[in-house]
Amino acid sequence: MSSGIVEQKNRLDAGAELHNFARSLFPICRSITGDGIRETLRLIGERISLKLFDVPTGTQVFDWTVPKEWNIRDAYIKDSSGKRLVEFQQSNLHVLNYSTPIHTTMRLTELKSHLFTIPEHPDWIPYKTSYYKENWGFCLTHNQLLNLKEGEYEVCIDSTLENGYLTYGECFIPGKTADEILISCHTCHPSLANDNLSGLAVATFLAERLLSRNLRYSYRFLFAPGTIGAITWLAQNNETTKRIRHGLVLTCIGDRNSFHYKKSRQDNAEIDRSVAHILKHSDPSAKILPFSPYGYDERQYCSPGFNLAVGCLMRSVWGTFPEYHTSADNLDFLSPDSLAGSLSICVSVVNLLENNLRYKNLAPFCEPQLGRRGLYHSTGGNTPDLEINARLWVLNLSDGKHSLLDIAEQSGIAFSLISDAADLLKKNGLLEEVKPA
Amino acid sequence: MSSGIVEQKNRLDAGAELHNFARSLFPICRSITGDGIRETLRLIGERISLKLFDVPTGTQVFDWTVPKEWNIRDAYIKDSSGKRLVEFQQSNLHVLNYSTPIHTTMRLTELKSHLFTIPEHPDWIPYKTSYYKENWGFCLTHNQLLNLKEGEYEVCIDSTLENGYLTYGECFIPGKTADEILISCHTCHPSLANDNLSGLAVATFLAERLLSRNLRYSYRFLFAPGTIGAITWLAQNNETTKRIRHGLVLTCIGDRNSFHYKKSRQDNAEIDRSVAHILKHSDPSAKILPFSPYGYDERQYCSPGFNLAVGCLMRSVWGTFPEYHTSADNLDFLSPDSLAGSLSICVSVVNLLENNLRYKNLAPFCEPQLGRRGLYHSTGGNTPDLEINARLWVLNLSDGKHSLLDIAEQSGIAFSLISDAADLLKKNGLLEEVKPA
Amino acid sequence: MSSGIVEQKNRLDAGAELHNFARSLFPICRSITGDGIRETLRLIGERISLKLFDVPTGTQVFDWTVPKEWNIRDAYIKDSSGKRLVEFQQSNLHVLNYSTPIHTTMRLTELKSHLFTIPEHPDWIPYKTSYYKENWGFCLTHNQLLNLKEGEYEVCIDSTLENGYLTYGECFIPGKTADEILISCHTCHPSLANDNLSGLAVATFLAERLLSRNLRYSYRFLFAPGTIGAITWLAQNNETTKRIRHGLVLTCIGDRNSFHYKKSRQDNAEIDRSVAHILKHSDPSAKILPFSPYGYDERQYCSPGFNLAVGCLMRSVWGTFPEYHTSADNLDFLSPDSLAGSLSICVSVVNLLENNLRYKNLAPFCEPQLGRRGLYHSTGGNTPDLEINARLWVLNLSDGKHSLLDIAEQSGIAFSLISDAADLLKKNGLLEEVKPA
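Protein chains in written order, with the working numbering: chain S, 1 to 437; chain X, 1 to 437; chain Z, 1 to 437.
Hints in this document: simulated from the structure, not taken from any laboratory. Mixed in with the good hints, there may be bad ones.
Any copy will do: because identical chains look the same in the list, a pair fits if it lies in one copy or spans two.
Distance condition first, Cα-Cα at most 30 Å in a straight line; then the derived DSSO-like pairs of lysine-lysine [said to hold, decoys possible]:
1. LYS360 - LYS427
2. LYS9 - LYS149
3. LYS426 - LYS133
4. LYS401 - LYS242
5. LYS435 - LYS68
6. LYS360 - LYS133
Using the sequences plus the hints, can you model the full thing?
Below, the structure is given as structure tokens:
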């Protein structure tokens, strides 16, 4: 098999494996606390070594308090004939997430204020939550709602909201240095695929690949509920946050759209430039978005007290696609090839960060004679190819001030070629690494 | 009445009042000195408290000297039958402004070198001046010129050019701080409406509105003849110039064109950014122009010895519209609605400058829990509206370094919404003002 | 004759003279060493005083070694009937430049690996070199190659490759200061006209014009073989390089294309801004190119150890036009008018650099009264013309920080007008030169 075919096969295999993993997580009823999240972490932990942390209800985390733990066994709406019309067992989206328990009968008019639908998509169930205001409710398709006749209904939500724990998981991969790269994804959404089984799957597989590598940076993968999970983690890991050099929030990266990268609050951090560079050379329709304080957990990492260099990698952007936060964000909405492509982008970003060093040209006066080292074409009069050009760029800009990413950006040549050129020149004694001051 | 209708009625009223005020000033024969300017200041002084300053002829003001005072009673050209062909009483533009007195007869050929017309607009009278080279002349329509037959004419300019005073007026409105905002407009043009009764009217009404307010900045409104007036004021108010933080020259702001703002020499001063922001959010076709050393009195304020942050707000730009410096720049050329709109922009700019503070987020680690303070929507899963977004932006960027204008610019949200959000967050104990070092 | 016609005639004369000079250099077989280069320098030395430097074979110059000297008397391919099919005497491009001597017979199949053609341009001879890998070969038209029948051929290259010298020439024109401007062009290409007889001719004529002038800067014209010549010069003139403030490599400036200027590695050096300004005001289709480490001898001057402010002025860019490095780059490819235009641009750039001073406005508070100095129009109400505008710009920005080029760039007015305005204002006592700290 040619190397292109091997690569294509690897990508097919990776895509299928990622999609299968997402499929295994899909049915679990997750929320910001509860057994669903622990079951999810258990399945992730079957692939990568995961350390779990349980933070008790009531723990103060900055301006917030860890809420009660929510668990649910069943929920339904029955009509007067006893027929189940809306059933948790069919889709965990049917229940307003964090609903308080209830078991009663009521008339449709009264019930209606607890029902949520999407009139524009009458066959889709919306995803709704009420974490911080005690409430109960059902989410159903608009067609289901239209079919409800006046009369009495039995409503049952067999849930508990009690003191317990908020649970998150960490996979830590030590590197040569204590400087850390944070990969963070939210674990709280129930049966929604792109948001965020895609993020969980890609993060898990990325960790798996890094575990076998010899790394410069240490890597911390965080699997935690959105908002309160990231806040809890930040509140309990003050020392760790100081070691974070770069970070990515992974979410909505399994659909068929091209990439969107939302920059960190720092706007031009190395992670921002790295992701932009990789995307520019691999997805011409990728878009780089400015930072904004709404979104996923980059909100917390980029709050002014932390101001970490953490961006958010997405394909479709939350809130902009109709399937967002509905039952239509299902396993079919995920493309195996997209999942594999997202993993590949993450690997490329890691490779860039790992190799983004600064060098000093040891023969900085005029060009060194590449020809006698076999690093140049021997018959004059031709224009140089990309490989030779990469060598000339690295030599010209390796003054100890330009990083390889600087050189890649300025030359317009892909980082991988620039990095290869630097390796070759270093082997030939023409470059020396410059350690940061 | 709905608030929209109230606003519309207010604007209609303001427009009519502004136009009426311009109408009352229109007939007066103004120049850089003389009774016309004093009569103009008297009428302005009927609306706002104005302090008048008389600077004697011969006073040295930097590189210039206050010129003799010019006054005029009458002027005409009579043909040999005694018929008045060109009459000052019909339009004060008919006389070359600052003409020395003359009463004689001469042949048309000789007279012609003292006549000015606009061949391209044969029914318009041009506006011409000769302040610093003693001369006399008449401005007439080109059709009038074509009708002049060969022969003798009696020419009379009943003017005086004698030692006297250059007069300017100031309205000072003290605020909480000694820092000043300067609003400057030129009072020297005779019967020309857009240039600059529009500026005089809007400045007068703006002062009127500010007199009743509780202000952070002190405001100085300067009504002075162009060039020599601004130079005289700067020469005599050296200490005051050091307190000027921001300033605007108002001119040509009554016609029907969209806004043009010419930036100060500093190019990116707070006044430049403030006006640009307000215009961006209220007049999509507004244009921001770079500084140039020709124009109105911003030339003097932005001379390198002062380099004050003073820009120039216009609708049509001087010299670019055919009516400029002709009798066609009359009261019909002014639109009441444009005058009201210009006043409204000025008020918005003042509001921005008054409220452009810096805050420190008092809960800077992660987002504060807005929900429990009633500052967030309670059902999760929705994208936030503009008001909530404004709160998130203010919290995220309030690190003591970003002003509210910085935040408005970066977020793309109108300053008024950003400022409202800051007020609300401050009331909720989440923000604290940061005083400049 | 009007001044326009005089100018046009001067340009016609200059163009014809430049083209004649190029014609006189065309037949010489140049290489990076050898008699051809010395004969070329002799002809240049007939016009300007040139100092020659001979650097012996084997001299170490940074990472390189001065190669053996190559000379050639004759070369040909004869068929078995003794007919000369490829002849050095017809075009010196027929020999692979730096071919080692050979005289033998061989079959066509064997010979073919030593033959170079351009199939896409079957009537053109390519230009090829093999300086640093000993080899021999012939360059011929593709049609010649197609006509070669199977059989035995006599091949003869009557060349020598022996210890000798690398020769370069310098023309130094002292100015008031020791600060130098370097003009560099490569002398190594044989019968190729645009690349680089155009550069040699324009540099020679520019030096001729500067020799009669009173100059602020000292000028150094370097005529040296490409790459190894520039490297040799840099290696042997370390002290001189420290005095170089600005520099230009001149190449491919005789064809009919519009200008291309490749910026120095510093990207925004005074030479970069100067050339860009001059081109903007004289050739609307000129293009400014970013620095890149491939090209002509700016590669060496801009290597990180030197990082000199040296850009490269071209019309067509090397490698981008089909005639590049082929026999089609002949005297017809050169336009006399283009050569004259290139010379004129170089003179304008020199004029700019010579006059790019910083001034201080001696009347910086408000505008000085230009009118009483006869520097302003006397009848008010007109917009100022370009000359007056230039004066206002110079006064406004002459704060000791802005150079005249800064002022020309910011105002959009041509440097020559800005410089004239500064001279006039200085004569009127309004400006004073500010010496660099």
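Results for each hint:
1. In this assembly of identical chains, LYS360 and LYS427 lie within 30 Å of each other by CA distance solely inside one copy; the values are 13 Å within and 51 Å between copies.
2. In this assembly of identical chains, the alpha carbons of LYS9 and LYS149 never lie at most 30 Å apart, being 54 Å within a copy and 50 Å across copies at closest.
3. For a Cα distance limit of 30 Å, the shortest separation of LYS426 from LYS133 across copies, 24 Å, qualifies, whereas the shortest one inside one copy, 61 Å, does not.
4. Taking the shortest Cα distances, LYS401 and LYS242 sit within 30 Å of each other both inside one copy (25 Å) and across copies (21 Å).
5. Taking CA atoms no more than 30 Å apart as the test, LYS435 paired with LYS68 passes in neither setting, with 49 Å inside one copy and 41 Å between copies.
6. In this assembly of identical chains, LYS360 and LYS133 lie within 30 Å of each other by CA distance solely across copies; the values are 29 Å between and 59 Å within a copy.
Consistency with the previously given hints fails for numbers 2, 5, ordered from lowest to highest.
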